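Going down the list, the sequences are from chains F and G.
Read in order, the letters of the first sequence correspond to residues 1 to 255 in the UniProt record's numbering.
Read in order, the letters of the second sequence correspond to residues 1 to 243 in the UniProt record's numbering.
Check before you lean on any hint, since a few could be wrong.
What the hints assert, rightly or not - Here are the computed lysine to any residue pairs in the SDA-like style, where the Cα-Cα straight-line distance is at most 20 Å:
| hint | chain 1 | residue 1 | chain 2 | residue 2 |
| --- | --- | --- | --- | --- |
| 1 | F | Lys12 | G | Lys22 |
| 2 | G | Lys22 | F | Ala27 |
| 3 | F | Lys12 | G | Arg240 |
| 4 | F | Lys12 | G | Val237 |
| 5 | F | Lys12 | G | Ser191 |
| 6 | F | Lys12 | G | Met154 |
| 7 | F | Lys12 | F | His64 |
| 8 | F | Lys12 | G | Asn239 |
| 9 | F | Lys3 | F | Gly14 |
| 10 | G | Lys22 | F | Phe89 |
| 11 | G | Lys22 | F | Ala56 |
| 12 | G | Lys22 | F | Arg129 |
| 13 | G | Lys22 | F | Pro91 |
| 14 | G | Lys22 | F | Gly20 |
| 15 | G | Lys22 | F | Lys3 |
| 16 | F | Lys3 | F | Ala27 |
Just so you know, the hints here were simulated from the structure itself, not pulled from any lab data.
All values reported here derive from a predicted model rather than from experimental measurement.
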Amino acid sequence: MIKTSGLSKTFKGGVRAVTGVDLTVEAGEIVGFLGPNGAGKTTTMRMLTTLLRPTAGAATVAGHDLVTDPRGVRRRIGYVSQGGGVGPFDPVGEELELHAMLYGMRPAQARERVAETLERLDLAPLADRTGGTLSGGQRRRFDLAFGLVHRPTLLFLDEPTTGLDPQSRAALWDHIRRLREEDGLTVFLSTHYLDEADTLADRLIIIDHGAVVAEGAPAELKGGTGTLDDAFLAITGRSLREDGEAAASGARGAA
Amino acid sequence: MNAIRETWLVFRHNTRIALRQKAGIVFGVLQPLLYLVLFGPLFATIGTWETLLPGLLAQVALFSAGLAGFGIVFDARSGVLERLRVTPARRTALLLGRVLSSSLTLLVQSVMLLGAGYAFGMRAPLPGVLAGLVLMALLGVGLAALSNAIALTMDPDAFAPIMTTGVVPLVLLSGAFLPMSMAPAWLDAISRATPFRYVVEAVRDLFAGRYATWTVAAGAAVTAGLTVACVVVGTRVFNRENA
Numbered sequence: 001m002i003k004t005s006g007l008s009k010t011f012k013g014g015v016r017a018v019t020g021v022d023l024t025v026e027a028g029e030i031v032g033f034l035g036p037n038g039a040g041k042t043t044t045m046r047m048l049t050t051l052l053r054p055t056a057g058a059a060t061v062a063g064h065d066l067v068t069d070p071r072g073v074r075r076r077i078g079y080v081s082q083g084g085g086v087g088p089f090d091p092v093g094e095e096l097e098l099h100a101m102l103y104g105m106r107p108a109q110a111r112e113r114v115a116e117t118l119e120r121l122d123l124a125p126l127a128d129r130t131g132g133t134l135s136g137g138q139r140r141r142f143d144l145a146f147g148l149v150h151r152p153t154l155l156f157l158d159e160p161t162t163g164l165d166p167q168s169r170a171a172l173w174d175h176i177r178r179l180r181e182e183d184g185l186t187v188f189l190s191t192h193y194l195d196e197a198d199t200l201a202d203r204l205i206i207i208d209h210g211a212v213v214a215e216g217a218p219a220e221l222k223g224g225t226g227t228l229d230d231a232f233l234a235i236t237g238r239s240l241r242e243d244g245e246a247a248a249s250g251a252r253g254a255a
Numbered sequence: 001m002n003a004i005r006e007t008w009l010v011f012r013h014n015t016r017i018a019l020r021q022k023a024g025i026v027f028g029v030l031q032p033l034l035y036l037v038l039f040g041p042l043f044a045t046i047g048t049w050e051t052l053l054p055g056l057l058a059q060v061a062l063f064s065a066g067l068a069g070f071g072i073v074f075d076a077r078s079g080v081l082e083r084l085r086v087t088p089a090r091r092t093a094l095l096l097g098r099v100l101s102s103s104l105t106l107l108v109q110s111v112m113l114l115g116a117g118y119a120f121g122m123r124a125p126l127p128g129v130l131a132g133l134v135l136m137a138l139l140g141v142g143l144a145a146l147s148n149a150i151a152l153t154m155d156p157d158a159f160a161p162i163m164t165t166g167v168v169p170l171v172l173l174s175g176a177f178l179p180m181s182m183a184p185a186w187l188d189a190i191s192r193a194t195p196f197r198y199v200v201e202a203v204r205d206l207f208a209g210r211y212a213t214w215t216v217a218a219g220a221a222v223t224a225g226l227t228v229a230c231v232v233v234g235t236r237v238f239n240r241e242n243a
């Protein structure tokens, strides 16, 4: 579903955010993408979703070449960014219909698909609300709806549960699992939370200093006795938890 | 799906939002309306309403379409823009739909202003007014595209103070309030270097029922050239990654 080789991004000014990522994701997998702050997670994610052009390397995403056919990639993927994409002023249902139609759906089909997606995510009664009146958990589920309304085969989630209360997190996890079970959706998610990676992902890919430094099932990485925290610390020399807390408080500060 | 349908979808969506926020449309035309009501009668003692209204139209164009970038600042902040950029819709369509909607808003505001003008005693011929509105719609597209490009390039917090200040000299230099033929030579020279003067003078001719003049031709050419240039710049900025 995803195959990259030597995917790199050097920003203007010479910052080498990603120095050569090789990774493979199979259809139907839920893959957790972990790494300390500044390791290149978001840059990689933004390259894989066509928002940033790689400066070197190649990738095939959902059957299309990232560099030569970005629109082909966009047609088949869904992406939920860190900050989400729910505007504060407009009825979310209406935004979703536009979003669906930009994937080529006719109005009737778009309405039907929006209704179905909202039903699945327990959002149907909230369709006429504006983004500003939703709770954090509801807004996050709407973000998911935007990522799913066109039935992608591959879904990218960038830190989907950062800033959510435990109940909303658990609800979101359930939705993600169900999507994989019912639709065979492939999920590529970055996260700061090791418990999230542990419970949700089949396989983890750890990135540091712009390259993949470890990968495997959570159990493999833990090596039987340790915790995922220990494994992460051993691999990157940093604790993800500290990073996670710093990021979470940073996100709150920004909000 | 073709680019025209994508543009239409984005246009319709943005227009629906704009029409819902009626206050925004009225607010955009409020300042020129105040000039019309509180300054117009004064101006009419030395000039004509047909001279004043084209100037007020230029003012509303700069304050409405010229500040259209506000909207994209909000959309960039809330993540809406990025969400749209991950759809297969062409980026040019995402920009054009938005810009055409701003132009329509400007058209509605212009008609409101002209309605008030007629009520106060303006007697411009309909064909001239319609031709003037065509120029305004075109200008609206260009200004909105440029405004979006600036908004995406500049620090979002600086956009509001810089742009609201920046459009004031442009309005004054267009000769919106008093024809630049009355200006001292240096002011006249600066004014000639700004595009809006030519638009205002062309619309004044049109409102006076003079259609086949060099002034009209120059105004139409400047408007068209400006619009094309702004749309090219806007598209380039919008297509840029990270914009």
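To see whether the hints hold, each was checked on the structure:
no.: 1; hint: Lys12(F) - Lys22(G); result: violated (43 Å)
no.: 2; hint: Lys22(G) - Ala27(F); result: violated (48 Å)
no.: 3; hint: Lys12(F) - Arg240(G); result: holds (13 Å)
no.: 4; hint: Lys12(F) - Val237(G); result: holds (16 Å)
no.: 5; hint: Lys12(F) - Ser191(G); result: violated (39 Å)
no.: 6; hint: Lys12(F) - Met154(G); result: holds (17 Å)
no.: 7; hint: Lys12(F) - His64(F); result: violated (27 Å)
no.: 8; hint: Lys12(F) - Asn239(G); result: holds (17 Å)
no.: 9; hint: Lys3(F) - Gly14(F); result: violated (26 Å)
no.: 10; hint: Lys22(G) - Phe89(F); result: holds (14 Å)
no.: 11; hint: Lys22(G) - Ala56(F); result: violated (49 Å)
no.: 12; hint: Lys22(G) - Arg129(F); result: holds (19 Å)
no.: 13; hint: Lys22(G) - Pro91(F); result: holds (16 Å)
no.: 14; hint: Lys22(G) - Gly20(F); result: violated (51 Å)
no.: 15; hint: Lys22(G) - Lys3(F); result: violated (49 Å)
no.: 16; hint: Lys3(F) - Ala27(F); result: holds (11 Å)
In summary, the numbered hints that this structure violates are 1, 2, 5, 7, 9, 11, 14, 15.
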